[in-house]
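The listed protein sequences correspond, in order, to chains A and B. So in our numbering the end of the first sequence lands on 190, straight run, no missing numbers. So in our numbering the end of the second sequence lands on 407, straight run, no missing numbers.
Hints listed in this document are in silico derivations from the structure and should not be mistaken for laboratory results. There may be inaccurate statements among the hints.
Unchecked claim - When the alpha-carbon atoms are kept at most 27 Å apart in a straight line, the in silico DSSO-like pairs for lysine-lysine are as follows:
hint : chain 1 : residue 1 : chain 2 : residue 2
1    : A       : 178       : B       : 406
2    : B       : 405       : A       : 178
3    : A       : 178       : B       : 289
Claimed, not checked - Quick partial rundown of chain A residues pointing at chain B, CB under 8 Å, derived from the structure:
hint : residue
4    : 41
5    : 43
6    : 189
Where is the CB? At the ideal position from N, CA and C, for every residue including glycine.
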Amino acid sequence: MKHPNQATLALHAGGDLGFFARRRTEKHLARCESCREELAAFEGIREALPGLSETPEIQWNLLAAEMKANIRLGLAAGECVRSGESAPRRMRLFTGARAAVALASIVALVATGVLLENSAPSRAEQRTVVQRTADGIQVGTGDQAFRLMHTGVSADEVTLSVGAQGSMGARYVDPKTGYVTINSVYAE
Amino acid sequence: MRSKGRRRLATLILLCATRLVAQDIALPKDSININLAKDSPVTVVGMISNESRATARGSLLVLDLHMALTFRNAGASRIHGVMLRVVSQEVTLGGKGSVTIPSMNIAPGEEFPVRIDMQLVRPTQMAGGPLVEVDLDGVLYQDLSFYGPDHLHSRRYLTACEVEAQRDREYLKRVLAQGGKEGLRREVLQIGARQQTVPLNVKVVPHGPTVTSAALPPEHPEKFALVEFPDSPVEALEGWAQVAGNEARSPNIEVRNRSGKPVKYVELGWVLSDQAGRQSVAASVPSAERDLYLPPDKTLSVRQETTLRLFSASGQPANVQKMTGFINQVEFADGKVWVPSRRNLQDPALLRAVGPSAEEQRLASLYTRGGIEALVEELKKF
Numbered sequence: 003m004k005h006p007n008q009a010t011l012a013l014h015a016g017g018d019l020g021f022f023a024r025r026r027t028e029k030h031l032a033r034c035e036s037c038r039e040e041l042a043a044f045e046g047i048r049e050a051l052p053g054l055s056e057t058p059e060i061q062w063n064l065l066a067a068e069m070k071a072n073i074r075l076g077l078a079a080g081e082c083v084r085s086g087e088s089a090p091r092r093m094r095l096f097t098g099a100r101a102a103v104a105l106a107s108i109v110a111l112v113a114t115g116v117l118l119e120n121s122a123p124s125r126a127e128q129r130t131v132v133q134r135t136a137d138g139i140q141v142g143t144g145d146q147a148f149r150l151m152h153t154g155v156s157a158d159e160v161t162l163s164v165g166a167q168g169s170m171g172a173r174y175v176d177p178k179t180g181y182v183t184i185n186s187v188y189a190e
Numbered sequence: 026m027r028s029k030g031r032r033r034l035a036t037l038i039l040l041c042a043t044r045l046v047a048q049d050i051a052l053p054k055d056s057i058n059i060n061l062a063k064d065s066p067v068t069v070v071g072m073i074s075n076e077s078r079a080t081a082r083g084s085l086l087v088l089d090l091h092m093a094l095t096f097r098n099a100g101a102s103r104i105h106g107v108m109l110r111v112v113s114q115e116v117t118l119g120g121k122g123s124v125t126i127p128s129m130n131i132a133p134g135e136e137f138p139v140r141i142d143m144q145l146v147r148p149t150q151m152a153g154g155p156l157v158e159v160d161l162d163g164v165l166y167q168d169l170s171f172y173g174p175d176h177l178h179s180r181r182y183l184t185a186c187e188v189e190a191q192r193d194r195e196y197l198k199r200v201l202a203q204g205g206k207e208g209l210r211r212e213v214l215q216i217g218a219r220q221q222t223v224p225l226n227v228k229v230v231p232h233g234p235t236v237t238s239a240a241l242p243p244e245h246p247e248k249f250a251l252v253e254f255p256d257s258p259v260e261a262l263e264g265w266a267q268v269a270g271n272e273a274r275s276p277n278i279e280v281r282n283r284s285g286k287p288v289k290y291v292e293l294g295w296v297l298s299d300q301a302g303r304q305s306v307a308a309s310v311p312s313a314e315r316d317l318y319l320p321p322d323k324t325l326s327v328r329q330e331t332t333l334r335l336f337s338a339s340g341q342p343a344n345v346q347k348m349t350g351f352i353n354q355v356e357f358a359d360g361k362v363w364v365p366s367r368r369n370l371q372d373p374a375l376l377r378a379v380g381p382s383a384e385e386q387r388l389a390s391l392y393t394r395g396g397i398e399a400l401v402e403e404l405k406k407f
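Model the full structure from these sequences, guided by the hints.
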């Protein structure tokens, strides 16, 4: 029989365990006398705590030392109980049920990813900014951007202009048409 | 039997993972819509967009649109400039672009190519209908007459480009007449030197101040150093902007119409310099009023609620140390456009910040590809 550890019992005493862990622990406590005693000890400490908080003067160092001693005693008692039991049977890592759960988890993960990819999450409003990029100019807000590109033209062949009303221009000679081309983006 | 099952499982997981990492599909032809009015003086002869693709990158969808368009001049006059408006309704609310070809010389019946390479990044899946709409915003003719809806002020823009082109061609013709081909060659090489990348980058955050960063020093008003052009029809009197660290916002410049004609548009050049004396590109500060009317001898405030952020070439914030302003463009009520003369732009305060004009860029490229003879032949055409 595998006993729950000290932390699990302490959390159970405070009602802080999750649903599945609580059900497992309750099942074990129903047939394990020693763990029930440890649980009772934790519950006793909990009941004493409200009273302690009302005590005007507490010697915290002394109390901490006592608590540490009690925990050590409890751990030692737990070791004694476990040493009397036979070693747990070696179990196979992957049984049919576990493999099915693992596969279901992967499928759920992938499905969630696809859903997140396609969803349009709500985003905080951000300011519109007009700026140059590596090979173009853009007006963008948050995740959205509108870019006009001057692909195939080196940066020193592009003359930039800025409009204080919220615009930017990139002037270059298009290598394919031979014409001067002026791309402009506007934030209006 | 068991290994076969494992293989199937591995294939399933791999397929799902591939979908998560990347999705690359060709975009259908109806993703792009070219809208031309029935009386449009240009017609679409051909469109190739088969390299356009949609790619999923994480939760984002990246749409690469490559359009090779061919238009024909269906009018009776020579076309000297075209502006196309490019709009994507679903991406970046209010965001749009334009592709302009200035310095053209397209005879009636002649065809001309326009390439549009664009990228849309969006967080959602594609919806039905066209992703991009391309409209004709304006066409400028040799005699400076204009056709088009002019949503993006293409009339003024193309006219200014054409006036600059005439100015620069005349200058280069004078250089050729006085200094010969060698003199012209030297002048064209200087255009190439002015084409070098400006050391400071600018980001524009329109509509008011940005969220104040605790890292920025306190904001203070900084005065413009104004460059005076004696022949400018509008005079810049004084100006200032709020400056904090690498941010300069809300430029405000007082101007006076000293010409004899009413003015309907004024644009100022705005050059930012950092502590090391490095300059940004000249930002233009257009008058914001839609129905501006500035009579002779009257004054006006040109202002824009916008923030410029200054960065070095490596992306580090560069503190704004000095601001220079100059009159960059004036449009009169009769539609005529004034631009600075070449002598005006020789001012040392502007020389590095004001790049070559579109026409200078075209002629320098022509020289690079075809040599001095090709350049001389091109100048003779005008």
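Agreement of residue 178 (chain A) and residue 406 (chain B) with the hint, judged by alpha carbon distance not exceeding 27 Å:
holds (22 Å)
Has the given pair, residue 405 (chain B) with residue 178 (chain A), been kept, meaning a C-alpha gap of at most 27 Å?
holds (24 Å)
Would the hint linking residue 178 (chain A) and residue 289 (chain B) be met if the CA-CA limit is 27 Å?
Status violated; Cα separation ~38 Å.
Under the criterion of a CB-CB separation shorter than 8 Å, is residue 43 (chain A) in contact with chain B as hinted?
violated (49 Å)
Restraint outcome when residue 41 (chain A) is required to lie within 8 Å of chain B by C-beta distance:
It is violated, given that the least Cβ distance between residue 41 (chain A) and chain B is near 43 Å, above 8 Å.
Supplied contact hint for residue 189 (chain A), tested at 8 Å Cβ to chain B
holds (5 Å)
In this structure, the earlier hints numbered 3, 4 and 5 are contradicted, and the remaining ones agree with it.
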